[in-house]
Amino acid sequence: MLTHIAIKDFAIIEHTELELEAGMTALTGETGAGKSILLDALGLLLGDRANSNTVRQGAKKADITAQFTIENLPDVLNWLEENDYDADGDCVIRRVVSSEGKSRSYINGHPVPLQTTRLLGAKLVEIHGQHEHQSLTQRATQQNLLDQYANNTLVITELEALFKRWKAAHEQHVALQTTLKERDQRIETLRYQVQEMEGLDLTDEAIQSLEREHTRLANLEKLLAQGQAASTLLYESDHSAHSLLARAEHCIQDISQLDDQLAPIQELVASALVHTQEAANTLTDYLSQADMDAGTFVHVEQQLRILHDLANKHKVPLEMLDQKRAELTAELDKLNAIEQDINSAMAAVTSLTRDYLALAKNLSITRTEAAKRFGKEITDIMQTLNMTGGQLVVSVTHHPDKPFTSTGLDQIELLVSANPGQSPMPLSKVASGGELSRISLAIQMVAHRYSSVPTLIFDEVDAGIGGATAASVGKLLRTLGASCQVLCVTHLPQVAAQSHHHIKVDKTVKPGATQTGLETLTEQKRIEEIARMLGGEEITQQTRSHAAEMLAKTNP
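Read in order, the letters of the sequence shown are residues 612 to 1167 in my numbering.
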């Protein structure tokens, strides 16, 4: 349960700290004092979205810290241990929100994502505000309440997983059926595209070789001209390299007999003469072949153009053509085998449909049985809330012919008759604001019997009621406080008088600033506050006596 909360620079609270105890605690204050500010702070701490009013005007950041006793909460202890958050007997949650809107959350000193705080907060606190009364009229909320009561969590989880598998199989089958209708045209297109690539060497090596050959042939005229010039310089003119080397060799040979040192030089020149001859012969052969290659340029250019056209057609780089051909071939093979895929998908859908319907039917049976008990327990509590003769019926209608959903095939609706003799009607059509508040409280009373959450917070649960009905609501909240911690924001003295503890919310207006303070009341101050709630601004001895009498009856 919540044992301590410290609030700094939140909304219009500068700084306050509270120690909280087990049982029922009432939060009261004058209209406009900000009675819900403690609940707002707890909501922010546990994951609510921050807004422009979160940080107190003029402050740099809002800082909220709460301490919970968890020694009797094995689910929370296990969760903390599994996530390495240092669990002993207490849990401390902190949230800091800067004036720029940046937020940080901590669990036992460890920085955590806000979603993690929300997960833990749901195990520690339930906050029931006025908006939840209206949400009771929504069928999704009504279904969730029944499933929580019936402990259907595991079955719902299994059904959700089965629904996802069924949906995926169904979508695959529909897609294959659609593909089948378009298959023949697609197969014809694919065959044509694959045939376009047949006989073509689309490997990287082949394409690079073809590009090099194209470059060579595109420059053939230059190759022939320069090659012929080189051939002339090497061998074919009177002043060619070969002629000059031959003359040089002859000169050295004449004088080498006169000096032995010239012999190596003669050998080098003779070798150069041989290499020049070989180079000239090889170049002549090359020029002859190149002259013959002139006719192949058109063919090479045509082949390269075909490849570029294919690459542009399929919107891929030239080097990806081979992979594209493989993809087209694979798709063609898959389309040719589509009937087998359709049969397999249909078999999967049939099997999953059978499993889903069976599980949804079992869930419906469980819901139907639980609905009778749930409705009776709520009806019994309604009798204690001045709704004598009133009745709540939980209707469960199974629709196996309706589209599948992740939560089954049931239509669940809360029907209520507020007075004897009236036929039960949908909650949204017959319940007034006050009746809706009381029915909501009755539902929460029943739901909490099957919940491990230690702290319940009610914001204006007594809206639209007064007198004896308010006293009944207060007694019910006090009873609830015997099994869990209850914090209740109320404007009714009959409710506040039933609480075990009492916190007053005060708003102080100072020059240039408005501040809210929270005070845990002593017994004497409780009498004053209850008297104020009974009599308004003017507190008389009579209202004090009445307040003291109310408290004495509640706390003998």
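Please note that the accuracy of each hint is not assured.
Straight line, CA to CA, 25 Å or less: simulated DSS-like cross-link-like pairs of lysine-lysine [as the list claims (entries may be wrong)]:
(1) K778 - K792
(2) K983 - K945
(3) K619 - K1013
(4) K987 - K972
(5) K778 - K945
(6) K972 - K983
(7) K713 - K671
(8) K671 - K1013
(9) K619 - K672
(10) K671 - K987
(11) K619 - K778
(12) K1118 - K1164
Listed next, with one range per pair, are the computed distances between beta-carbon atoms [stated by the list, open to error]:
(13) E711 - V927: 44 to 50 Å
(14) E769 - S1039: 49 to 55 Å
(15) D815 - S1017: 47 to 53 Å
(16) D920 - Q796: 20 to 26 Å
(17) E822 - D849: 39 to 45 Å
Hint data in this document are derived by calculation from the structure and do not stem from the laboratory. The structure presented is a predicted model; accordingly, all values stated were derived computationally and were not measured. Note that CB positions come from ideal geometry on N, CA and C, so glycine has one too.
Among all the numbered hints in the text so far, which are the ones the structure does not match? 2, 3, 8, 10, 11, 12 and 14
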